[in-house]
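The numbers in my numbering rise by one with no breaks, and the one at position 16 of the sequence shown is 0.
No lab work stands behind these hints, which were simulated from the structure alone. Positions of the beta carbon are idealized from the N, C-alpha and C atoms, including for glycine. Any given hint could turn out to be false.
To be verified - Between beta-carbon pairs, the in silico distance windows are:
1. Ala(-13) to Ser26: 18 to 24 Å
2. Ala(-7) to Arg53: 33 to 39 Å
3. Gly(-11) to Ala27: 30 to 36 Å
4. Gly(-11) to Leu25: 22 to 28 Å
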Amino acid sequence: MPASGVRAAAIAARLSALGLSTRVEEHHQHTSVEAEVPDALSAESWREVLDVVAEADRFGLLATSLNDRTLWAVVRKAAPTTGDVGGPSHQR
-15 MPASGVRAAA
-5 IAARLSALGL
5 STRVEEHHQH
15 TSVEAEVPDA
25 LSAESWREVL
35 DVVAEADRFG
45 LLATSLNDRT
55 LWAVVRKAAP
65 TTGDVGGPSH
75 QR
């Protein structure tokens, strides 16, 4: 398993330990982790979840009008080239 897969699996395991259902997928340039976030997640649990996903290269939250919330995290397989580097607000 590539290093990105190991890091993503560790993130998924920690999210699972917090009670979230997770999925890990391998992609060409990254490994992704997704977790469904329940409505009743406490503020303390949110802090723990954010500590976990902060270890990824990128993360975010997809919320729909149906109150579905999916947390996602991406771990890159290779270091970004100079032209691909972005700050905290950089999105692709």
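Tested hints:
no. : hint                          : result
1   : Ala(-13) to Ser26: 18 to 24 Å : violated, 33 Å
2   : Ala(-7) to Arg53: 33 to 39 Å  : violated, 22 Å
3   : Gly(-11) to Ala27: 30 to 36 Å : holds, 31 Å
4   : Gly(-11) to Leu25: 22 to 28 Å : holds, 26 Å
Of the hints listed earlier, those the structure fails to meet are numbers 1, 2, in rising order.
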